[in-house]
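Protein chains in written order, with the numbering used here: chain A, 1 to 121; chain F, 1001 to 1483; chain L, 2001 to 2421.
Hints in this document: simulated from the structure, not taken from any laboratory.
Be aware that one or more of the hints could be misleading.
What the hints assert, rightly or not - With a straight-line cut-off of 27 Å between C-alpha atoms, the simulated DSS-like cross-links for lysine-lysine are:
hint, chain 1, residue 1, chain 2, residue 2
1, L, Lys2195, L, Lys2221
2, A, Lys37, A, Lys91
3, L, Lys2357, L, Lys2386
4, F, Lys1251, F, Lys1062
5, L, Lys2195, A, Lys79
6, F, Lys1350, F, Lys1217
7, A, Lys79, A, Lys91
8, L, Lys2195, A, Lys37
9, F, Lys1251, F, Lys1291
10, A, Lys91, L, Lys2221
11, L, Lys2386, A, Lys37
12, L, Lys2221, L, Lys2180
13, F, Lys1396, L, Lys2195
14, F, Lys1462, A, Lys91
15, F, Lys1462, F, Lys1062
16, F, Lys1365, F, Lys1350
17, L, Lys2386, L, Lys2195
18, F, Lys1350, F, Lys1077
19, L, Lys2180, L, Lys2195
20, F, Lys1062, F, Lys1396
21, L, Lys2386, F, Lys1462
22, F, Lys1357, F, Lys1217
23, F, Lys1462, L, Lys2180
24, F, Lys1077, F, Lys1462
25, F, Lys1062, F, Lys1291
26, L, Lys2387, L, Lys2401
27, L, Lys2401, L, Lys2357
28, L, Lys2387, A, Lys79
29, A, Lys37, L, Lys2387
30, F, Lys1393, L, Lys2039
31, F, Lys1062, F, Lys1077
32, F, Lys1365, F, Lys1077
33, L, Lys2387, L, Lys2195
34, L, Lys2401, L, Lys2386
35, A, Lys45, L, Lys2195
Computed from a predicted model, the values in this text were never measured in an experiment.
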Amino acid sequence: MSATTRELTCINCPLGCLLTVTLANGEVTAVTGNTCKRGDTYARKEIANPTRIVTTSVPVDGSATERMLSVKTERDIPKGEIFNVMTVLRKTRATAPVEVGDVIVPNVCNTGVDVVATRRA
Amino acid sequence: MYDVVIVGAGVSGCATARELARTNACICVVEREEDVCCGTSKANSAIVHAGFDAQTGSLMAKLNVEGNALMWELAEKLDFAVRRCGSLVVCTSEEGIEGLNELLERGRANGVPDLRIVYRDELVQMEPNISDTAVAALWAPSAGIVDAFGLNIALAENAAQNGTEFRFNVPVENLQRREDGTWDVCLGDGERLHTRCVVNAAGVFSDTIHNMACEEKIRIIPRKGEYLLLDTTAGSHVSHTIFMLPTKMGKGVLVSPTVHGNLLVGPTATDVDDPEATNTTREGLAEVASKCALTVANVPLREVITSFAGLRAHQAGHEFIIGMPDDAPGFVDCAAIESPGLTSCPAVGKMVADIVKDYLSLEMKPEGEWVDRREGIPLLEGAPIEQWAELAKQDKAYGNVICRCRHVTEAQILSAIHRPLGARSLDGVKRRVTAGMGRCQGGFCSPKIMELLERELGLEPKEITKCGPGSELLVEEGGERRA
Amino acid sequence: MREHHDVVIVGGGPAGLAAAVATKDAGVEDVVVLERDAKLGGILNQCIHNGFGLHTFNEELTGPEYALRYVDQVAERGITCLLNTMVVDISGDRVVTAVNPDRGVFTMDAGAVVLAMGCRERPRGALNIPGFRPAGIYTAGTAQRLVNIEGQMPGRNVVILGSGDIGLIMARRMTLEGAKVHCVAELMPYSGGLKRNIVQCLDDFGIPLLLSHTVTCIEGKRRVEAVWVSEVDERMQPIPGTEIRYPCDTLLLSVGLLPENELSRGAGVTLSPITRGPIVDDSLQTNVQGVFACGNVLHVHDLVDYVSQEAATAGACAAQFVREGCAPAGRTVAVEASGGVRYTVPSCVDPNRMAAKQVVRFRVGDVYRDRYVSVYVDDVRVSHRKKRVMAPGEMEEVVLKRSDLEARPQASRVLVTLEEV
């Protein structure tokens, strides 16, 4: 297989270097355009395994103060799972009382990551 | 059967309704929008003109001066805000003084009291921010400013108190005269109102309504006026309404305080085809921004909080059309009510009501069977703090501030919703108690007011509107998320 | 006799809470926080996304979690917080008038006042965007509240004007809730938001960022039906022929934040025409004795961590003011901005009182690459630090050493400026 390239914007600082990543057989062979080491690290991670934390809010029943409960994936999940996680969370309801850190959805979409509350309700 | 159906719930229609409500007539006001004060009456300069502009002998001149004279007592009876701040027509060249003298003479002939010319030294005393080029001005102490929403709402509420029925969201599709001389008013919802008399107070649509009834057609040209509204921080930049004397270079814009403490700049004057074209334009707003400097120095345009456009119901003859056309007995025009229509409305209402009274031989209700006073909703912004303290002692809801910019509390909003002809939308609340009219333009309070509308009117969230059907604020998914 | 409190803190958001904690920790027992909302935490409550607290707690928190850390600290210290309490007036001699449902209108004398009212969003009207005024035009923050707190959706098809961080965050938020975000238009040739947000809120979802573009028309008499977006020239004027019409039902605005200083003005506090916040010295005291300011009411921040730091300073200085009274007028050295630096906070320092290493925060007026940030004391350059890039959207700071001023007892002015490499 021949080499391909992908372009990314580095997020580590306001410089926002435009990174060009060269791939061969899916492996990163070179990162150019970065002005510091962090750009290289970011590019390799972003290509190999881009991940994100997902945050949203879900309705909560029985709370005197909150109508919606804010939640997050406790750790980052694969970027490709974002919408699958949202599909689950858009159907999720919580029940008060809830403490920060309480698990609302365990092991969401089999990612091994729990969705937890970020607010009391 | 009704005695009178009034088409249009702006100031003219409501002033007419209020006058007629003192008689034994059975009255209905029909309005195409969801509330009173949704057309020309809501988007104008909110000035109580002195009356020197209109040609001597014209109906406009007569009703302006009469309307001005009636306005102050009306404000006291119906509890809406006015301030007799006076107006200055400023000229910026020596040659202009001749023009001021013409206005002075015309004003005197029209019966405007206390007019005089003031020269630069006195002018600067009166208005320290007057432009460096200002030479002299026509001083009209009888002019003032008014809460146009408050006036319109007060007229309508007082009419309703005295038995007038109001129907909203019903455009008039047709008028048909029966053989017995009575009329059918065909509404957009399919209903027909049978009435002995029809009053056409339809503003920019008054030609459409007139032409349904009469052979001799009229044409209203919607004349757009664009405005900038500045924050209350700029409200004392001038203390009188400042007009510019028209020159060969054209007409200026006015700069005026408002009764709510803001500064108003505008309007432009552009004829348009669409009677619903209340959109502002890049050119119009730029024109207002540049022209205000002709009379007033350093207008702090950085303090603009909103812009808007209104349409005046202009007709080529530039005269109010009030009366019963020969070929349409029982149909009364109150058409082409453009500026100074707001000022004139107390007089317009009386004149139109008199025509109807004569035609139908209406009798006045006995004294004591109608009320001529109406209590408004107290506004707290700018009022003495003791008044607020007293209200909050009696009602906890006066301690719950909803609109932080204008200090509007839950109590006032509940009153706006629950009084006769109460608010049913965000804009309806805004016009009644100024919530959302401040510097954040509803950014903070809209969600809270939406919740109050939802709770108090038993609405679904998706049914809450900005200004009636079609202006829903939320889409359905949201409701489902929460349901 | 009127109710008295040593320190009254106006606002229970991140600034007010951090100020309250610092005041108490500095030994002042009688601290009251006045908060207009039903709960503490301010705008953080609706900022449910992550990215807060990396500097303060060394971990990445969501807004509600960050707020809760401070709410808990306030509770642990037993600090009185009056909720649903709106301050309606502060006088020049520190009489605070407030209103709430339980007490109605009430007043209190304050030994010191900390202003922590935050900021508001610039509304559409301030931009003079022409067109109709239909439903469906929201500031990004209002939409954020509707979605995250009320559980409502303001629209399905969205155009966003302004690439401030709230606008970017809402682009992602609306997308996650099933809306289609057509584009984010930005008047300037650069974004006002963090790079990270551009990548993770726009690029991740294929949402175009249109730099040097603005909204030139809003269609729809009742509800937004379409929004016109045009490219602008160097003078920010729309270029004819570049219009694109986006059929949509919603326009979100993220076009700037304005400190909420109406109360400050009423107290006689002098405001900066640039930040629109109070002019303060190194103790974050305004020109009105005993009135301090911190957080977004002082100048708009992009990171809450800096708000907390600044508020802690204000709280500690307010406590000192209460304990020791007004310090005798010392020497005052002006801190001035020039050469691309738009403003500094503070704008003057007292060399006898200031911290040994005084942080001076500032913003630049344009995007600058490879510039030195230089600090002069009178005509002597005392620091010189190269920055690869600076942008208006990112707050910068320099450290001013007390020793540099002590070494120059006659100096009257500090200048913060940018210099070419």
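- 27 Å Cα cutoff - pair lysine 2195 of chain L, lysine 37 of chain A: Satisfied, since the Cα-Cα distance of roughly 17 Å is no more than 27 Å.
- When you check the alpha-carbon spacing of lysine 1062 of chain F and lysine 1291 of chain F, does it fall within 27 Å? violated, 30 Å
- Query: Is the Cα-Cα distance between lysine 1350 of chain F and lysine 1217 of chain F 27 Å or less?
  - Reply: holds, 25 Å
- Task: Would you mind confirming whether the straight-line C-alpha gap from lysine 1462 of chain F to lysine 2180 of chain L stays at or under 27 Å?
- Result: holds, 19 Å
- Does the structure keep lysine 2387 of chain L and lysine 2401 of chain L at a Cα separation of 27 Å or less? holds, 19 Å
- Message: Does lysine 91 of chain A sit within 27 Å of lysine 37 of chain A, going by the straight-line distance between their CA atoms?
- Response: The hint is violated at about 42 Å.
- Message: Run the distance test for lysine 1062 of chain F versus lysine 1077 of chain F: straight-line Cα separation, threshold 27 Å.
- Response: Judged against 27 Å, a Cα distance of about 23 Å means the pair holds.
- Holds or violated: are the alpha carbons of lysine 1462 of chain F and lysine 91 of chain A at most 27 Å from each other? Holds: lysine 1462 of chain F and lysine 91 of chain A sit about 20 Å apart, inside 27 Å.
- Query: For the pair supplied as a hint, lysine 1462 of chain F and lysine 1062 of chain F, is the alpha-carbon distance within the 27 Å limit?
  - Reply: violated, 48 Å
- Message: Hinted pair, alpha-carbon criterion (27 Å max): lysine 45 of chain A, lysine 2195 of chain L. Please report holds or violated.
- Response: Answer holds: lysine 45 of chain A to lysine 2195 of chain L is near 17 Å, not above 27 Å.
- Message: What's the verdict on lysine 1251 of chain F and lysine 1291 of chain F, does the C-alpha distance respect the 27 Å limit or exceed it?
- Response: Cα-Cα ~9 Å, so holds.
- Message: Does lysine 2195 of chain L sit within 27 Å of lysine 2180 of chain L, going by the straight-line distance between their CA atoms?
- Response: It holds: about 22 Å lies between the C-alpha atoms, which stays within 27 Å.
In summary, the structure is inconsistent with hints 1, 2, 10, 13, 15, 20, 21, 24, 25 and 28 from the numbered list given earlier, while agreeing with the others.
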